Amino acid sequence: MSLRSYWQDHPAPLVWAWKATEAALVFVKPLFERVGFERSSAIVHPVEELGKQILFNCQGCGQCVLHYTGMTCPMNCPKNLRNGPCGGVRLNGHCEVKPEMDCVWVKGYERVQKTPYAHEFFRLNPPVDWRLEGKASWVTFSLGKDQVTTGSETKVRYATEVLPAGATERGQK
Amino acid sequence: MTTAVPPAKLTGQNSTLAKVLRAGQFAVCAEVSPPVGPNPEAVKKHIDMLRGYADAFNVTDNQSAMVHMSSLSVSIMLQQAGLQPVVQLTCRDRNRLGLQADLLGAAAFGIPNVLALSGDHPIWGDHPQCKSVYDIDSINLLRMIRMMRDNQVFENGKPIPKRAPDFFIGAVENPFAPPYAYRPFRLAKKIAAGAQFIQTQLIYNMPRFREFMARVVDLGLHEKVFILAGVGPIRSLKGAEYMAREVAGNDVPDWILQKMSGLSKEDQAKCGLDICCEIANEVRGIEGVAGLHVMAVSWPEGVPKVVEQLGLYPRPALEAAPAAQAVPA
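As they're listed, the protein sequences go chains X and Y.
First residue of the first sequence? That's -14 in the working numbering, and the numbers climb one at a time after it.
First residue of the second sequence? That's 2 in the working numbering, and the numbers climb one at a time after it.
You may find that some hints are simply not true.
[To be verified] Computed beta-carbon distance windows for the label pairs: (1) X:H(-5) - Y:G312: 52 to 62 Å; (2) X:K83 - Y:S262: 29 to 39 Å; (3) Y:S74 - X:A5: 50 to 60 Å.
[Said to hold, decoys possible] Listing some non-contacts, in silico: residues in chain Y with all C-beta distances to chain X over 12 Å: (4) G25; (5) A82; (6) V134; (7) D138; (8) M207; (9) K260; (10) E267; (11) C278; (12) G286.
In short, the hints are calculated from the structure, not lab data.
This structure is a prediction, so every number in the text was calculated from the model and none was measured.
Don't be surprised by glycine CBs; every beta carbon is placed ideally from N, CA and C.
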């Protein structure tokens, strides 16, 4: 537990690892396409799951948002919020449902400031596509199956659209 | 007393609450808790007690994760009795299918206001063994309702036949839960998702609320959404202690407990009313507050008392509302 939170609290290597992974996933996209989604996922999933479970207590939603949420897995939130935190956070920053656990969104907000992705905390994360649960997030990302907006929207919105310019920087101490 | 500028295009056309807010009048909302049993008489009693005390009435959705009559059916009863309902929808009990089904039903009965919440976790309720749904979160629920209304599409992107449901869309925000610096931004997220009015958590910690509102005004969010400040009378010291310790997301400062201790039962209730009115009067003077949301903390009779004591009863008839000024959505 403490080892996990150490890396999450000092996320520079994690950020570096994500950037490398992101580049690699773009690179291997044709390979995934040739092998097919289901088979690629079956091959990649055990590796991804092992690493992410150790580092992030990954819950296997198959559509990873870790770098949007301060390297903190939102699926550990008992309400599965993709846009937290809820109003029930305890005054000490702990979860209302699991009093011994830090609210993942409170932690995520702290941690995201230490990454180059602070602006992503203003992203309106689309709802979970539960069909992807248990699939390899690396494959769904590579093939563009994750983070698909729903309804009539084709673009993910950001809270910054309703904020004055520069407002978000002022809020981050 | 300052009120917000009317936002957005003309949506929620049948909403009295929207008209009151857009006309710049100080709005009052009150909360109705549906009965636990199947008895419609309980709802009628509530209706008689509250009639005329607010511009719109929130009907809670399995409040505190305890089983109640459904929010939609009580909202329909209110609507038919001539009270304007705000149907509350939580993401706890229904997935996208269930939520959209209820929204279509609400639209069919002409219910003009809807309020989207995540919902208290079942662990707090009377069925802690049940499976919570949380298919989508409150922000995606807001988005879904906005797209149903503005783009006439379901969440799957398919068109809604005949006509789009028209709602005045509300959301909640809790300024009293960490991380405090992020709360105004989360409010902005809800506005971007589709919220047109906001009801806040019960306010007891005034300095914290002032801080929150100052930031909201600084960000100009009060011009994009109507903010209704949540207030509620606490009936007893026991109730206050329970709220301070047990109820998630509540910030009840010690001075309230101290003020109530040592008083008789009747005096405690009176003290609770006075504190609530004191807070409400202070809140009315804060820039960006467009109205009050009076919640009954297991004390439905307290709501009319508060509204009366604040001099907000009877609710003024709606003045001929000026054509809503064009403000970007």
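So which of those numbered hints doesn't the model satisfy? Violated hints (numbers, rising): 6 and 7; every other hint is consistent with the structure.
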